[in-house]
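Visitor: Guided by the hints, dock chains B, C, D, E and F onto chain A, whose structure is given.
Protein chains in written order, with this note's numbering: chain A, 80 to 316; chain B, 80 to 316; chain C, 80 to 316; chain D, 80 to 316; chain E, 80 to 316; chain F, 80 to 316.
Be aware that one or more of the hints could be misleading.
The list treats identical chains as interchangeable, and a pair is accepted whether it falls inside one copy or across any two copies.
To be verified - Here are the simulated EDC-like pairs of lysine to aspartate or glutamate, each with C-alpha atoms no more than 20 Å apart in a straight line:
#1 LYS315 to GLU131
#2 LYS258 to GLU92
#3 LYS315 to GLU273
#4 LYS258 to GLU232
#5 LYS95 to GLU207
#6 LYS315 to ASP169
#7 LYS95 to ASP280
In short, the hints are calculated from the structure, not lab data.
There are 6 protein chains.
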Amino acid sequence: MRLHDRNWMQIEEYLKHDDRIVLPVGSTEQHGYLSLGTDAILAGRVAEEAAEPLGIPVLPTLPFGMAPYFTTYPGSMSLRMSTYIEVIRDLLDVLAGQGFRRIALVNGHGGNAPVTGLIREWTSAHREPSVEVLFHSWYNAPQTAAAASRFSEVQLHGAWVENFAWTRVEGATIPEGSKPPMSRALAGVLSAAEMREAAPDGSHGGDYGRPDADMQQVWDAGVREVRDLLENGWMKS
Amino acid sequence: MRLHDRNWMQIEEYLKHDDRIVLPVGSTEQHGYLSLGTDAILAGRVAEEAAEPLGIPVLPTLPFGMAPYFTTYPGSMSLRMSTYIEVIRDLLDVLAGQGFRRIALVNGHGGNAPVTGLIREWTSAHREPSVEVLFHSWYNAPQTAAAASRFSEVQLHGAWVENFAWTRVEGATIPEGSKPPMSRALAGVLSAAEMREAAPDGSHGGDYGRPDADMQQVWDAGVREVRDLLENGWMKS
Amino acid sequence: MRLHDRNWMQIEEYLKHDDRIVLPVGSTEQHGYLSLGTDAILAGRVAEEAAEPLGIPVLPTLPFGMAPYFTTYPGSMSLRMSTYIEVIRDLLDVLAGQGFRRIALVNGHGGNAPVTGLIREWTSAHREPSVEVLFHSWYNAPQTAAAASRFSEVQLHGAWVENFAWTRVEGATIPEGSKPPMSRALAGVLSAAEMREAAPDGSHGGDYGRPDADMQQVWDAGVREVRDLLENGWMKS
Amino acid sequence: MRLHDRNWMQIEEYLKHDDRIVLPVGSTEQHGYLSLGTDAILAGRVAEEAAEPLGIPVLPTLPFGMAPYFTTYPGSMSLRMSTYIEVIRDLLDVLAGQGFRRIALVNGHGGNAPVTGLIREWTSAHREPSVEVLFHSWYNAPQTAAAASRFSEVQLHGAWVENFAWTRVEGATIPEGSKPPMSRALAGVLSAAEMREAAPDGSHGGDYGRPDADMQQVWDAGVREVRDLLENGWMKS
Amino acid sequence: MRLHDRNWMQIEEYLKHDDRIVLPVGSTEQHGYLSLGTDAILAGRVAEEAAEPLGIPVLPTLPFGMAPYFTTYPGSMSLRMSTYIEVIRDLLDVLAGQGFRRIALVNGHGGNAPVTGLIREWTSAHREPSVEVLFHSWYNAPQTAAAASRFSEVQLHGAWVENFAWTRVEGATIPEGSKPPMSRALAGVLSAAEMREAAPDGSHGGDYGRPDADMQQVWDAGVREVRDLLENGWMKS
Amino acid sequence: MRLHDRNWMQIEEYLKHDDRIVLPVGSTEQHGYLSLGTDAILAGRVAEEAAEPLGIPVLPTLPFGMAPYFTTYPGSMSLRMSTYIEVIRDLLDVLAGQGFRRIALVNGHGGNAPVTGLIREWTSAHREPSVEVLFHSWYNAPQTAAAASRFSEVQLHGAWVENFAWTRVEGATIPEGSKPPMSRALAGVLSAAEMREAAPDGSHGGDYGRPDADMQQVWDAGVREVRDLLENGWMKS
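Okay, chain A solo, but in the shape it has when bound (with noise of 0.2 Å):
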């Protein structure tokens, strides 16, 4: 369910008998010909859909995340890590606070990942109750990964693997096709102009777009990987 569609009554209700709740995490950045949302609106759905029939509250997707190469393409926003760090610390001081024992954070963006280092931090310091914090980039979770590597092993940003009927916007034609991809590597280490020089139109390659009804094989992978890791995957208890 998502916390916004409940009162704090609510919450306070549920936590009566449960204490997991979710914190999708996003990204506003350019994906090609794709919605410049396409990392938060991922995020958050896979979030929602694999929350809800387990009545878990699934918290309003944060929009904004580490992008920092991106931002020579305009609508693309970034914080940088000192801020990106502290609002995280900031939510999970309130839920903790709050009585919030089990924490997963789902991940839409590779750049934000480096927050598991403050994640690591907050969880190592908590000693009275103990607190669980989960981060789980579902894309490229193994299970999901092992879906769309059925269709093809090069899945890049801004391709076919994030091109669902969801992240695709109105007034823009998708190339057919495909284009070479860019390596990992390179990508890792240009700047923000550099970047938008290697791709100028913000895919990095391989085919940018699959027939639905695979895409839809992908999502369900996701879907069922994040209710399973809600349901069991829980370390501490």
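Guide: Chains B, C, D, E and F alone, transformed into the frame defined by chain A:
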């Protein structure tokens, strides 16, 4: 238009003939019987409705704000001020770097207002090119407050003035009638623990609700006033 | 009484029977033909006169505030917001640690008002014992503003309403008459460079001065209102 | 001249022929039987007397410094180091931006001395135009210390060497005679709680006072030495 | 060559024909029966051996990293993430300012990996001239991990894969045999207190040691792989 | 004993009968013809030699310090003060949490001295149990400075007093004789660019070297004085 309904190329195209953008800033916090997302929902919606006919992009709503006094009500979130000003600084830096010259923050939460200090600092230092940043708290802007005042001068947190069809939640029965208003001055000095005692159901008093027809008038005034701001509210151009 | 006119033993003695203290917060910034210290001088003086008969200690005035839009006028100082909130946090922490439970900031500068965000955060987190912090901008508090409005509704920066015998400086001839008022909305969006152009002499318009007898009425209202705050303005006790 | 006795136009005029300015930095902290403002009062006064005949503007004294070891004595204030260095950085940035090229901090409190680390960092990075910043602790500068040493080598906190007519307070009877000096090394490692026990009246020992005629000699040396610094102490010009 | 074996003139000379430099980053933390400095020792040594024949300067190893989960084991150190990213930022700023254009961090500790977020931010913003920063965790880079996997796939903290002649300490008898491996997922969510209970001797399981001849093969692979990185791993040139 | 020559169990054992530890803090910065690591090498070595017979653990040397004025000499590193104080704070926090009650920082670089402000803040706030932190700049401590003064009172950066067999580097020919000393006052106000011009070879003047027999006397005094500090320098116990 919602920025998330566009890709970066469309925003780049937009920037060739316009330089305005809207950032709705809300809060996830207790609103009595109403949605925990009330301030975020209303800020985002009023911004999107206002901007739609103007074709101005609306960023995703920042769903977390400064609400430290409500953290004792489960489901309420809060960012420290030192965090919040850095989030806004980062977003302004990126937007200015991409060529946006007129940026409107449409705010749905009173506790966020002190971020104007950061905005004033940011704009003061920005020399060339000149950027204008407006901070508009939609719910107590003159025309909107006047529209609400036709029904009642008592316009407090978590009560009728925030009770729209789109902020009510399933499974919650909102009381009929009203309760005595809490003094704003008192609300301004309580600790989070004291607040919970002073407002047991979270509402700060007055009528719990009004007919939807009345609410529509308030809403329409809100949308009109934001739209007018986006069209005519820029002081420097 | 001025805290600087006391030693620590006298303050320890005071704390046995009272728990109030006053911190005047001002600014050092251009005020047109008036003293660069206008906001600091007035905040300190109004606080000391108000507190004198009550025997409440008044800390030395914090002479630097947030005035980033005036830094292009020589002699104007400004602290960044990230700095200013830490200064106030530190002082509140020390005061609370020493047993002060009612702390009044008497403010003389509009640009400082966003520090209320930090104060609200600080008080929200303070559980036991409960501390109350008031932030009072003396110059536009209701009674004082009403006293000034008897003379003119135009009460702007660096003009008559700040022109007291104790804010005028040697060697400066203040113009007779008035100049057109600058819109507050415009003043709120200019960069420091634009501000200098928009207000060549620093005053934001209206009358440059009024008879000292008129000013004394404004001043007396200001002192009375601060004194009333210190006596009766505490909400929690 | 005190900057607060001038308006911005006069400072702009001053900058046409000079580029020096003085910032007195003090502390509000226990000084035994003497004023809680001792370090601020003395730094401000020595700076103003020294600068007066030279026509150099003196900023208002920063009345709060780093005195964490005294916070257990009521009325003592302290800024954290992370706060204090940002305050000084902000003021230096503004002053340099306005054309001041020779900035003298006249310091009245030993605990503030580590801010030289920030000053050194700030000046190191400042390339063009070159700015010179001096940090002068007036009370233990060579000539002043020598003047005091003519009376006694024991020159400790809250004792005779800070006991001037202008640091004594009404209603306090300063003991005659002396008490055993506390070791500086010990004073440097105590917690605030331990300090309170180690120095029950706040003085760190030696004579509590000396004849005003003696003190005047110390004072005159202090003023002379600051004045000499402002005239001849600049290394880069 | 070790930078500490050179003076600045030699480095200036070096910069006339090369622009590469290596920064080893380690950690001081419990490694079971092995040295508290294991991660620092190995990172520094592998970097120096790899760089030696290439004549690339190697900075002194940063001996402290992010290891908050081990702080309950005496002698383990840890920097907060907010601290650690500023250390790396400062070093990158200085190096870039001196003309280094290819900077390789050779990392010996898994907990340090999130600093890649800061590095990515730093490189993204760096426009002209372009600087390339590599972050290489030597111990689990492909070739080195493959070399170790020839002996065992279980390669965990404080066990055989870190047990070299140069990480063993006097007076410690390392157990023969092995113990059950701890799950990496579990290790990733424990507090520091829980970690101490979960790993009583600090090792995370598997074999405690292997013959030195085996270890030499792992080491040689590590050195070769770092050397290859320094010679051929630069993506932008 | 070097902490890196021990495992955590040995340190835990040590803590059962002792609570002292040493942290050498150095700098990586130009020292004229001498090693870029001079301050780190000397601080680490003097600490280790001094502590050896006492069995007190010596942490690895922090090789980077505050040297902003030397960053124009290639190979010199510098941390900003805001970074450096957090590094030291973190290390003190961890050490105190593990039961170390007497912590000695042995410092090899004058530019690091302002960190005493942070140390003073840290110890002031530490209530129970009491922790004592000493900051000892070995090279200008009384006995060591006296030993050096027997040869020359001119003891400046990058010159004879730092010229040991273990700070000289291969391939560098140190000039015979001396050069005129730079004034310390001047060195304290120069920007990094100005410093490079003022000290073209990096040395601040005086003799470039002295016979190793003389240097050994200085060194022996340094070791003795640190050892005496570790044995007898604790004020609180």
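Visitor: Can you name, in rising order, the numbers of the hints this structure does not satisfy?
Guide: 1, 2, 6
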